[in-house]
Amino acid sequence: MRNDSPFHRLPRQSRARTRREFLWRSGGGLGGIALASLLGRENLPAAEARSATPHAECRTPHFAPKAKRVVQLFMAGAASHLDLFDFKPELIKRHGEPSDFGEPVEAFQNGLGPWLRPVWEFKPYGQTGRMLSEPVADLGRVADELAFVHDLVGKTGVHSQATLLQATGFNLPGFPGMGCWVSYGLGTENENLPTFVVLPDHRGFASNGSKNWDAAFLPSHYSGTVIHPGAETPIADLFAHKKGDFITRDSEAAAQSVLAKLNRDHAATREGDGRLDARIRSYELAARMQLAAPEALDISKEPDAMLDLYGVKRYPPTWPKEINAGEERDCFGRKCLVARRLLERGVRFVQVWSGNDNGFPRRNWDSHEDVQRDHGPLAAGFARGASALILDLKQRGLLDDTIVLWTTEFGRMPSTQGGKGRDHNPFCFTNWLCGGGIKPGVTHGESDLWGYKPADRNNPTTVYDIHATMLHLLGVDHERLTFRHNGIDRRLTDVHGHVIRGLVA
Amino acid sequence: MNRSLALGILAAAVLPVVVAAADSRKQTDSNDGWSLHPLVRPAVPRIQGSKFNVQNPVDAFIVAKLVEKKFAQSPEADARTLVRRLYFDLLGLPPKPEEVEAFVKEFSPAPPLPRSPAPDNARDKGRLGERERAAIEALVDKLLASPHYGERWARHWLDVVHYGDTHGYDKDKPRPNAWPYRDYVIRAFNGDKPYARFVQEQIAGDVLFPGTQDGVEALGFIAAGPWDLIGHAEVPETKIDGKIARHLDRDDMVANTMSTFASLTVHCAQCHDHKFDPIPQADYYSLQAVFAALDRADKTYDTDPAIARRRADLLAKQRDLKPKLDALNKQLAAAGGRDLELLDKLIRETKAGAAAEERPEFGWHSQISAKQEVVKWVQVDLGASVPVEQVVYVACHDNFNNIGAGFGFPVRFKVEAGDDANFEQGVTMLEDQSKADVPNPGVSPRSIAAGRTARFLRFTATKLAPRQNDFIFALAEVQALDKSGRNLALGAAVTSPDSIEALPRWSRKNLTDGYYYGAGKGQPATKLADLERQRADLVARVAEASLLAEFATHAKTTNEVAAELAKLPAPKVVYAGTVHHGSGSFRGTGPDGGKPREIRVLHRGDVKQPKEGAVPGALSCVSALPSHFSIPSSAAEGDRRAALAKWLSSPDNPLAWRSIVNRVWQHHFGHGLVDTPNDFGRNGARPTHPELLDWLACEFRDSGGSFKKLHKLIVMSATWRQASETPGQGDAETRRRAASPAAPRPRGPAAAWIDSDNRYLWRQNRRKLDAESVRDSVLAVAGKLDPRMGGPAFQDFVIEKPEHSPHYEYHLHDPDDPRSHRRSIYRFIVRSQLHPFMTTLDCADPSISVSRRNESVSALQALALLNNGLMVTMSKHFAATLNTAGGDTATQVKRAFTEALGRPPSAKEAGDLTAFANQHGLANACRLLFNLNEFAFVD
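Those protein sequence lines, which keep their order, are chains A and B. For the first sequence, the numbering used here assigns the number 12 to the initial residue and increments by one for each residue that follows. For the second sequence, the numbering used here assigns the number -15 to the initial residue and increments by one for each residue that follows.
Careful, some of the hints might be misleading.
As the list claims (entries may be wrong) - Among the chain B residues that face chain A by a calculated CB cut under 10 Å, a handful are:
(1) Ile224
(2) Ala229
(3) His791
(4) Asp826
(5) Ala863
(6) Glu893
(7) His904
(8) Glu918
To be verified - Straight-line C-alpha distance at most 35 Å; calculated DSBU-like pairs for lysine-lysine:
(9) Lys696/B x Lys80/B
(10) Lys104/A x Lys223/B
(11) Lys89/B x Lys272/A
(12) Lys253/A x Lys80/B
(13) Lys253/A x Lys892/B
(14) Lys355/B x Lys253/A
(15) Lys329/B x Lys431/A
(16) Lys157/B x Lys768/B
(17) Lys892/B x Lys254/A
(18) Lys335/B x Lys306/B
Treat the hints as calculated values from the structure; they're not laboratory data. This structure is a prediction, so every number in the text was calculated from the model and none was measured. Note that beta-carbon positions come from the ideal geometry of N, C-alpha and C, so glycine has one too.
Build the full structure now, drawing on both the sequences and the hints.
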């Protein structure tokens, strides 16, 4: 029996599975991995760099890459495609009429109300006439750069599962975040900075917390490094804990030197153990990271015009308690500016979050009660920072090889759920991408008349397709980037995913 | 840099040879499902000649392979290496210097052997005599008898079963009753529980060993993994999303069971027949059917079998009474009509209002004391001398640790009032309970008459409240009431010689904040009594006398049963796989009498495409055992689990015994005989020594499934006792000869090239300490390790916003808090916010089964070991201990070095470190020691 679920489409051709774990394990064992990750590819001739890679199958790039790095903007709580990007005139026409989906609908919370028009006006932008709603008007500045996908489908309407699915490709915890896979596949461009950086919402983590970027079964150094720009300690343990008052600049320098000396003597009587050398080198790298990271995070020397572009205030005021556009703009813009500085310095993958957990009062995009109240400030906040980031990357010539991906957990329903809010819609939502080999200005996949489900229900887009496309642009075949865990060759795309050709320039 | 680079290139250069060998073996040797073959005890190979050190059958198998591969054995490690290796292998803790010295003396009265192995005659020189053997045996026995052994090996087990103390997923709520399962595992290892029983208890302990504590606590295994609270509590099973959540939940139970006990990836047969192993999809759903009645939930139980029986009887009685009472209530409701309905609604609302909001401000808490007869006091300053009519005090209620009412209330105490802050003169004794022990008052407020003007009230504990191994004094509230009943102490300043300030739960200011557990319940109580009187009047008016009489009799019996139940000590609670008696969306199967849910084979694993029904069973590919459990559909759900437990632990189940001995082997050598401990299928690795694996499996099974015997067998072997050094890499000529097919028997150097990964164990593996061993060692060496065992986990984070999605803030934790200085196995393991320090050190992720930890080296790891709060505070404490012991810097450095590494420093090392310590202080030198490669690795 054929299963028409988009998650069960069979691969176009079955590929022979080859296993080369033995190669990886033999390559000096785990020390080999450590060496490979620590040596940094740019220091090695290409051939050696490839053979030092963990899996033979993972010798990357598999083909010529168009992009080198990724920035992912993640809207926690599920942002409404209908009120931001997916313009549905039918909803304006039928606003207030009893909703009729033509089939029974199982909503997350029961009780779907009448059709609800987009809560803001839409206007066309750019030469492509891209329709954008009022709070994301800032994106009009880069409207022609963006490529939209309006027919994404999820698996469930449960926040945690949906977040994990978009972030890791699986709807249960225990799988590496996409940034981990990219780091694992491509390695570092600047060993003095983490390869994968996470910039969380200023209020705290989204659902699942660090499970969205943990390395899971991949070695721990592939996990996302959380950075809180502007905080007292932006990176955990970058400098000595405040109780370490006995540590001074001088003691630190002397300690490094004595430590290296004793470690070298120790290693000298233990030949052939690459881990010992790798660990000696890790302390040199740590010292270099202590210099490189603060420099990368310091936005104080950015000119006023640059801060202004991102919507960042040099001296932010005390913000009101309630969610507000000024604070959203400042916080998200700050993260985008930091993201640009990190990408510029060779960080491979930056994940920027908007929205905290699903609690009350609302502190993320989960607008069951009032779309206008929560979506308004959050949208205005991210749109400013995101558009500035795109403009800024472009003026620096970095947009050509940097993929920007905007995503969320799922969409929201075209009807109310009684009041001014919308329930979860895992059956249809929007992503947009730009830069890094993405074809500008296109739309791949439309939703139906109401934005309830994909227009073509048999051929929706899944997160696997988005991930496959992203890896493809990075020069990686998503079916060949694998890691064996507990007997299974794991992939970011599980056993699914197709490169979306229509999005590739 | 150049050196590392060179190694990388050299490693690459030698690869093709190795890979070719591996590939050809795979092709010629079609994987025949080796792990499913029946277990037959192989003959122990006979090793001829005296070139090899063969201490026991383990060595015979290993040496036979070495002979075949033409590899040499490495010499025995020296005494210092052995003692440190034994401590870490068996306890996960470093030996103390005196323990090292004692062993070295026992082992070899002569000077210890040189560290680097001599090239040719080392084997003869390195072989042990009886004296050394006896010394090792005595130490092994001592370590296996240590309670720390169970802590070490339980951690390995908890990695595999993905144990955690929170649910994971969205919200990630704490799971405060998970720890009894963790303690069960520790106890099982320390008590050397036979493995078959260990397996059976974790799947069906409640059924196979009813009335035992272990039988219930072991069921924490089924619930060990993550749980999707929203998918269960907010989405009913009737919805698609609800079905998916429950399907995923059962999938985790099946995967956990089969990965852990059978080392198979059965969960890969969820959408289709297994692609690599002979596991049909139907088998997977048969396993789901075994767990079909269960959910993850708190399960109550009694450790005293007599009380367990009594409670079971009373509960049964209560269940019997309920339908009749319900029926009578219905009749009454019919008679009472709308008036009674309204009155009942009012009563319900009043009761709900009375259930006062529980707040986290528990009260004031003294520092922990090691002795009980210690005087501790806390006092309230009313600001001025004022007339006080009454003094009210209330004990604490610590709901988090499930200790409950009366937490920390002293056994003896006195309450005094006065105007002298030091209570030296003009003191009035208000209550003196310092002569004899008094019972714990629970949380009911106690009031005592004062009748004088006073500025200060002092509450003095003269005999503290006992906890597991220490003593405390805690108090929720002190009030000073004037004539009108106004509380004069509200917000008053509080002083005490010591206090644990752990906001929001514990603080001095909590003592006078007007809040205590149950505060606010008083007011609605009168109203409630009034309403209940009205109800009684109404019922008496409308109902017939016979109905009333019958109701009264039944109500009386019901109340009596309830009163009897209330008299029993509070039951214990463990978070376990259990029949859940819930309501609303998270209903469980309890309301249906624990009847298992119907399980159907799902086409492509899609809950929307159910196919034929599944019957409980196990795997058809294990030919020695019947895979279908002939269980009538009317049977209790527990019969299904009991059948699976017996299937898994059967002497004829070849998977179970191979699986477990391989896991144990792995933790003694760094890798298993099978390199994929959770996958013995075709996609997994093949055993390097299949005969040894089978011999160990049979030996373990036939000698009662004793872990301790197995450990001893392994660590007493010459194989385990080998040195870990890789002999010199050799010159180009050695390498060339080694690669040639006609090569003569290679010496060590050549083995290093052909088998650089040491699959054939021609040496021991140098092992990098796991995260727990690093943390525990640092605490131990600094003299701060709190060895208390068991009980609720310590939290080395602060929880913010606990009401919705708790934020677990590790950076707010004070690394000096002694409560967090216990062994790492007692750490409260949060799933959504992994411990930054431990995770950087490759600690297991509690969301996945970790059969073998990753071992990474990174700059972030170096930063964590240099800068983390724990590391810097322990460096300070270590230095303080050394300072207390006295001596000059050189002496102190020498002692520090020996404590940290188990050996005295060389003159050069001592010189370098002393110079450094002289210039930058001892604490910096201690921090340096903690960061040495030698500290992080075990030879």
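Q) Which numbered conditions among the earlier hints are violated in the structure presented, ordered from lowest to highest? A) none
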